[in-house]
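Asks: As given, the protein sequences belong to chains A and B, one line each in that order. So the first sequence is numbered by this note's numbering: it starts at 1 and just counts up by one. So the second sequence is numbered by this note's numbering: it starts at 191 and just counts up by one.
Wrong hints could be hidden among the right ones.
What the hints assert, rightly or not - Result set (PhoX-like, lysine-lysine): computed pairs, CA atoms no more than 20 Å apart in a straight line:
| hint | chain 1 | residue 1 | chain 2 | residue 2 |
| --- | --- | --- | --- | --- |
| 1 | B | LYS195 | A | LYS3 |
| 2 | B | LYS195 | A | LYS19 |
| 3 | A | LYS161 | A | LYS84 |
| 4 | B | LYS303 | B | LYS275 |
| 5 | B | LYS399 | B | LYS302 |
| 6 | B | LYS275 | B | LYS250 |
Unchecked claim - Sample of chain A residues with no beta-carbon within 10 Å of chain B, all distances over it, derived:
| hint | residue |
| --- | --- |
| 7 | TYR25 |
| 8 | PHE69 |
| 9 | LEU138 |
| 10 | LEU150 |
| 11 | LEU158 |
No wet-lab data here; the hints were simulated from the structure. For glycine and all other residues, C-beta sits at the position ideal for the given N, C-alpha and C.
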Amino acid sequence: MQKFINNIYLIWFIPEEFKYFWAEYRSFFSETSLYFLVAFCLSLATALNSSSFNEIGIVTFLFFLHLPFMYFFPKLLAYFLDHKAREMGAEGDIRILLSFCKYSLVIFMLSCPFVIFVKSFEYNSSGVFLLFISFLSLLYFFNVARGLSLLYGLERSLAVKLVLSSVLSLLVLPFFFFIYYIVSLFSILL
Amino acid sequence: MERNKYLLWFIFLFTGLSVIIGLFSLKPTPPKNYNKFGNVKIFGDSIYLLKIEGEIHSGKSTYTTTGASTVLEQLREIEDKNEIKGIIVEINSPGGTVGASQEIFEELLYLKKSKKIVVSMKDVAASGGYYIASASDFIFAEPGTVTGSIGVIAMSANIAGLLEKYNVKVNVYKKGKYKDILSMFKDPSVEEREIIQSLLESTYRRFIKDISRGRNIPEKEVEKFAEGKIFSGEDALKNKVIDGIGGRREAQAKISELLGIKETLPIVEEEENPLDKFFNVINNKFLGNVSRDFKSIILEEIYKTPILLIMPNSLRI
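Given these sequences and hints, build the entire structure.
Replies: Encoded structure:
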C-alpha cells in the first residue's frame, strides 16, 4: 500500500523524481490492484449515475468491460508514445513511461466520489458525468504528456501533441477499443 | 511535501468511503424471471399489471388463454418486491376450471395483505373471471362489460336416441357403479343426478363463500346477484357486483387513493421475451392454422373437466 501511494504521489505531485524512485517502488501487486480499483470505481460510478441501470449486475458487467481496457490501454499508449518519441530522436526508458501511464489512471477513481457528491444534490445527469469523465481524461493525457516530456526530454507542447495524436490513433485501434468506447458511452447515456 | 501526502491519503479514504456508500445505494439485481414468457424490471415504486385473458385453466398460459401456473409464478415473483405497491388485474375472461380459478383467487387474497389490488374488467369477466376479481380491494368495469354468471355448470350431451335411430350400440365396460356418470350414451339415473347436483351444490357454496370472503360482504348479499345471472357493467354497479365504472386509468388512480398517496405510480408489465415475441409474430403471420389448432387443443382439455365456472355462451356485438 505504501508503494502504491508513493508511486501515485510521485506521478501526480513530483513527476520529475519518479524515474529515480521507479525501481525502488516498483510492485506487481500495486499495479494489479490499480487496474481493479480503477475499473471498479469507474463501473460503480457509471451504474450509480444511471437512473435505469443502477444494479449490482450492471456494475459487474461494466467492471469486466473496463478491466481489460485498463490493462491494455496504458501499455498500447506507452508503446505508441515511445515509438513516436524515438522517431523524433528522443531517448527514454519505456518501462518507466509505462508505469507512468498506468499510475496516472488512478485519477479515474475520482469518478465515484464525484457521482456520490452530485447525487447528494440530486443533480446527477449523463451530461454532467460525461463532462467530468472528459475532464478526467484530459487530466490523464496532460499528466502522461508531462511524464513523456520529463522522461524523454521533449518539449511540453510537443509531448502534448504526441499524446493527443496517439490517443486519436487508439480510438479505433484495435477494434476492441472501438467497441469499448461505444458500450461505455451507452452505459453513461442510458 | 508531507502535506501533499496527507492530501493523497485523504482522497483515497474519501474515495473508499464513497465506494462503500455507492455500493449500499445500488439496487439489487432483480432475480431472473423463471417464467419463460418474459422478464419484469422494476425501477422504484410501481404497479404491476396482471392480465387474465381467455379461458382459465391449469398449467401454463398460451397466447389466448390463461394458465394458473403462469399466473402464480408471476404473482410469487412480485410477492417480495417491496417496490410493487399494487396490482391491477385486467380481466377479459368468461371463466374456466374450478381449481385454476380458486388457485388464482387464493393467491390474490394472500397478496392483498401486502399490496393493493384493483381489478379492471374488459369485455367479459364472468364466472371464474369474477371469482378472481372478487379477491381484489376494488372492482372497475366498463359500462358494456359482461360480468356475473356466478354459478357452476356441468354439461353432458345425450346421444342415446341418435345412436338407437341408426342402430348403433356402444359397449361400456366398467368397474365402479358411477364410473360412467356423465356418459353421453345413456340417461342419468336419479342417484347419478343427485351426485352431480350435490357436487355442483358444494362447489357453488364454496364460490359464494369465497366471493363473500374476498369482497367482505355477507353471503346473503352475494346470493342476490348470484344464481348465474349476468349483468352489464352499469347493472353490475347498481347490484353492487362491482364498485365502479372505469378502466386502467381509474384503477391506477384508485391504487394511489388506497395507498394514501398523491402521485400516480407507473405501471410495470411483464415484457415479452424478444424470442417469444419473434415466434409469436411468425406464428400469427405464417402458422395461423397451427395456432388455431393449438387453441382448440387447450379448449378441449378445459372442457374435459366436468365442472366449470364458465359462462355457457358468449355475447357478440
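Asks: All the hints need checking, so say for each whether the structure fits it.
Replies: These are the hints, each one checked on the structure:
1. Using a Cα cut-off of 20 Å, the hinted pair B:LYS195 and A:LYS3 holds, with the two alpha carbons roughly 12 Å apart.
2. For the suggested pair B:LYS195 and A:LYS19, the alpha carbons sit about 19 Å apart, so the restraint of at most 20 Å is met.
3. About 11 Å separates the Cα atoms of A:LYS161 and A:LYS84, which keeps this hinted pair within 20 Å; it holds.
4. For the hint linking B:LYS303 to B:LYS275, the alpha-carbon distance of about 11 Å falls within 20 Å, and the restraint holds.
5. The hinted pair formed by B:LYS399 and B:LYS302 meets the criterion: a straight-line CA distance of about 17 Å does not exceed 20 Å.
6. For a cut-off of 20 Å, the pair hint linking B:LYS275 to B:LYS250 is broken: about 26 Å separates their Cα positions.
7. At the 10 Å boundary, the C-beta of A:TYR25 stays outside the reach of chain B, the nearest C-beta of that chain being 13 Å off.
8. No Cβ of chain B comes within 10 Å of the Cβ of A:PHE69; the nearest lies about 19 Å off, and the non-interface call holds.
9. Annotated as non-interface, A:LEU138 keeps its C-beta farther than 10 Å from every C-beta of chain B; the closest such distance is 19 Å.
10. No Cβ of chain B approaches the Cβ of A:LEU150 within 10 Å, the least distance being about 18 Å, so the stated non-interface status holds.
11. No Cβ of chain B approaches the Cβ of A:LEU158 within 10 Å, the least distance being about 28 Å, so the stated non-interface status holds.
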